[in-house]
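A.B. asks: Take the given structure of chain L and dock chain C to it, following the hints.
Chains L and C, in that order, are what the protein sequence lines are.
Residue numbering for the first sequence follows my numbering, beginning at 2 and increasing consecutively.
Residue numbering for the second sequence follows my numbering, beginning at 2 and increasing consecutively.
By construction, these hints were calculated from the structure, which means they are not laboratory data.
Same chains, same names: a pair is fine if it fits in one copy or spans any two.
Straight-line distance between alpha carbons at most 25 Å, and here's what the computed SDA-like set of lysine to any residue pairs gives: (1) Lys116 <-> Pro91; (2) Lys224 <-> Leu89; (3) Lys106 <-> Gly218; (4) Lys320 <-> Gly44; (5) Lys212 <-> His52; (6) Lys45 <-> Arg304; (7) Lys134 <-> Arg270; (8) Lys116 <-> Arg188.
One letter stands for each residue in the lines below.
2 protein chains.
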Amino acid sequence: MTRVHNFNAGPAALPLPALERARDELVDFQGTGMSIMEHSHRGKTYEAVHHEAGALLRTLLGISDDYAVLFLQGGASQQFAMVPMNLLRPDQSADYVLTGVWSEKALSEAKLVGKARTAATTAVDGRYTRVPKQSELELDPAAAYVHLTSNNTIFGTQWPAFPSTGEVPAVCDMSSDILSRRFDVSRFGLIYAGAQKNLGPSGLVVVIVRKDLVAAGRKDIPKIFRYATHAENDSLYNTPPTFAIYLLRNVLLWTESLGGLAAIEEQNRKKGELLYGAIDRLASFYRCPVERESRSLMNVVYRLPSEELEAKFVSEATKAGLVGLKGHRSVGGIRASLYNAVSLEDVSALVSFMESFAAKNG
Amino acid sequence: MTRVHNFNAGPAALPLPALERARDELVDFQGTGMSIMEHSHRGKTYEAVHHEAGALLRTLLGISDDYAVLFLQGGASQQFAMVPMNLLRPDQSADYVLTGVWSEKALSEAKLVGKARTAATTAVDGRYTRVPKQSELELDPAAAYVHLTSNNTIFGTQWPAFPSTGEVPAVCDMSSDILSRRFDVSRFGLIYAGAQKNLGPSGLVVVIVRKDLVAAGRKDIPKIFRYATHAENDSLYNTPPTFAIYLLRNVLLWTESLGGLAAIEEQNRKKGELLYGAIDRLASFYRCPVERESRSLMNVVYRLPSEELEAKFVSEATKAGLVGLKGHRSVGGIRASLYNAVSLEDVSALVSFMESFAAKNG
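Bound-form chain L, shown alone:
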């Protein structure tokens, strides 16, 4: 069995130990004579996994008891709607900071629910090459919340540090960089993250939300969409995606075994230095369109001298076992996603390939 170097943007590479564990116990979980998928979500066996996943996430991210940790379905895309449905009252407005396609989608869903405005945007001709400075945010001090996107998978930008939102709760879509670096959860009112980058498989979204915001949430929406419903029922109001939560547990155990977020952050910094270093060193051939201060450590986007060369690069890389390097269809170019499960060795292999490709085609 040969595993490839997987640079997919999501669903993406998962840690091999987490997958191997799932394989080894797939038809008989811990001697129970059935798969974890076949266990009742109301039984002790599954509940232990469910609670372990929540406890590991609390420890790894340093989440205090002021927050509920919810395991929901529908991905970040459903949170684009659920956030305003819960937190935006008819007499209020919400602020959105636009830094890419996903924040634009979040804003347009919010506008179908209530009043929402753009508090900042760094778009130039529909493209984003940086996140805004604090001074560029035109925040409404009466806003229900300020919505941010921590990392932008398509344009390859990331907030190096999070801006202040004053007294207004910050809501942050961290789908593509949660668990990749240390940050202070207590600066946020609500954090959501689709699992399929650093947390696990698709089909699961984690919501970390301050309990006072849960309690103040709107009650005139269907029960299934209220954060309160899920918080009161420990994410067991309806049947959760049990296998996805089990895999999250496996991934979190692996994350912990590496040394937690400080160790992961250090490894991600090294991976970024290696790849951006190669792009900058081979600047006559590769070019990163993102401003240096906003460069993402999760999604490294770069261009080659022509679209023809980009197509050739992707094709030859795939043959060499380096997959998932094609940029998003809306922007083209190359994109290497360096989520936690992508190793320094994977990045080294990519850099070697890039050096060789530039030498042959430059």
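C.D. replies: Quick look at chain C alone, frame taken from chain L:
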């Protein structure tokens, strides 16, 4: 490895060949060097699985091109809200036929969205022991739709044949008996089914909906909740639960290999005869509270002479490798769920245990 006899109500037993296949290719799907979970949902490898699952479902259920088949998240509980959000206009009312806890929940979510009324109920003191007769339905001919629940997991009832709803589209929650017997899809406007009984793992809900109802659906709701969004994007608008859909594919291949729905129906009929036959034969000890015509072939509920004996029954059965037999906490008693992956041999083992237990304790 010893597999137990799994009578869980859902998540429930899955066919061993479907699980073994998942295990064997978990870390390397078809020589691609990665798990199916690590593949992009926009890539050819995953898309082939996605389309195969849809095509198999169309073939097995005989779904015509007049219907869209959608793979969504949030389970049947989310459909309780999405159905009225899409299909119920402010000037309309919807009819609900109450046959158990799940239809009650569907009605109460609908009431948070728009106008909905009870068209029939068979509840007596909060309990249901049968489904209504056609003559008991007080249908509103102007209703947006009539909502039915085909099988009731908690009370162990099932419609032996579906009632007529006239010109009004029938919407049916088939979570707990889809794929268990033949039926005419064209009699329904919309069918939904959480996967975790006969289709696959939890975290996936299948929606089969007439295309004219999709087109007429409301547009003033968030895009993520519109059936039209998912129909137009082949259930790839946002990242689908790829591993759950892959497992659905495996389960459907197994279903097909058995001979499709006619063969499955025949097997389910035999399983039901065997278990209900034992209950009726041992009538001095076991008692099924459900009226004969409404007895479910999926969830067989029965009582013992006392709650103490019921607790002893569950405990000794578990030790004998017969698991998941405890009735729902809201009604007590015994419940044996006989979904498709439960074999005639599993049911025989249960009947032998019941005979022996009655002889010792009767």
